Amino acid sequence: MILVYYLFVINIITFALFGIDKSKAKRNKWRIPESTLLLFVFLGGEIGGFLGMKVFHHKTKKNKFRITVPVMLVIELILIVFCLYQNYHLVVSEYSFTSDKVTEELDGYQIVHISDLHNQFFGIKQKRLLSKIKKSNPDMIVVTGDMVDRNHTNYGLTLDFFEGAVGIAPVYYIAGNHEQDLMNSSEYEDYISKVKQLGVNCIDGRAVDVDGFSLIGLPFGMYNEPESDKELKIALSHEPIFRGADITFAGHYHGGQIIIPGKGGLISPGFVFFPEYYGGMYEKDGKTLVVSRGLGNSLAPVRINNYPEVVVVRFKHK
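Numbering (the numbering used here), first residue to last: 1 to 318.
Derived by calculation from the structure, the hints in this document are not laboratory data.
Mixed in with the good hints, there may be bad ones.
Unchecked claim - Each computed SDA-like pair below joins lysine to any residue, with the alpha-carbon atoms no more than 20 Å apart: (1) 125 <-> 106; (2) 287 <-> 125; (3) 318 <-> 107; (4) 287 <-> 258; (5) 318 <-> 106.
Predicted model, so just to flag it, every value in this text is computed and none were measured.
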């Protein structure tokens, strides 16, 4: 959404500059330099520049504008379509988790994992996202934080998601670092109250017994590892760190923003290049870590080769 706001503003400004310059030309007053007009076109104001030329009949006879602006407009439209597809094309990533701790009763149990929505918009009432989840037929939905964004907070989009999700399967939610940064505000208190009223289970800092296994909610920055025993333990963690549970669900890294084939995700929110656990399923010392690439963006509104995803994990008895 940040990119959309930027393009809207820069094109309005560019359109206005063309209009102002035309007005000054008619009155033989000081003009806006052509280099400035072209600079705003190159900064993303191609649509505004093109419309300014047509509406005000300005710079239409100069080749540097008559050729450059339409060419840049075509390039911008191609880039916009590409970026929109990269940021809004939802995919479902499916994994299997096999363990002798998965009982016969849990064989075939499915958990949908959602993370890092960051107020992203997936249709009215988040219909596109919820449709993907519903088709996965989950027994449980786990949410590992950063559903809201501290920089451009919109609680309504997140509440729309939770309102639809609780009608599909039980929902368990922990906070990410963005929620933690908002916790002291009255708006956040009102938001989390509404989330709970919808029937969402907020399990930060506690464990609950569900369907024959222990589900542990570990808040952002908490590194305690659950004790191991014969019972299946599932941890929810915002940060992608092995927590000592049999399987840990995490997010936070947004898939590294740009996935480079053969190298992985480019950069983490903490500006670590090529983070080890950027997205997917990992195994270490008999434990499993499932990292969601997330759904939205925060500071960098860019995803390349890194589609927003719904993660589905099917449990199998060994």
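Which hint numbers doesn't this structure obey? Per hint list: 1, 2 and 4 violated.
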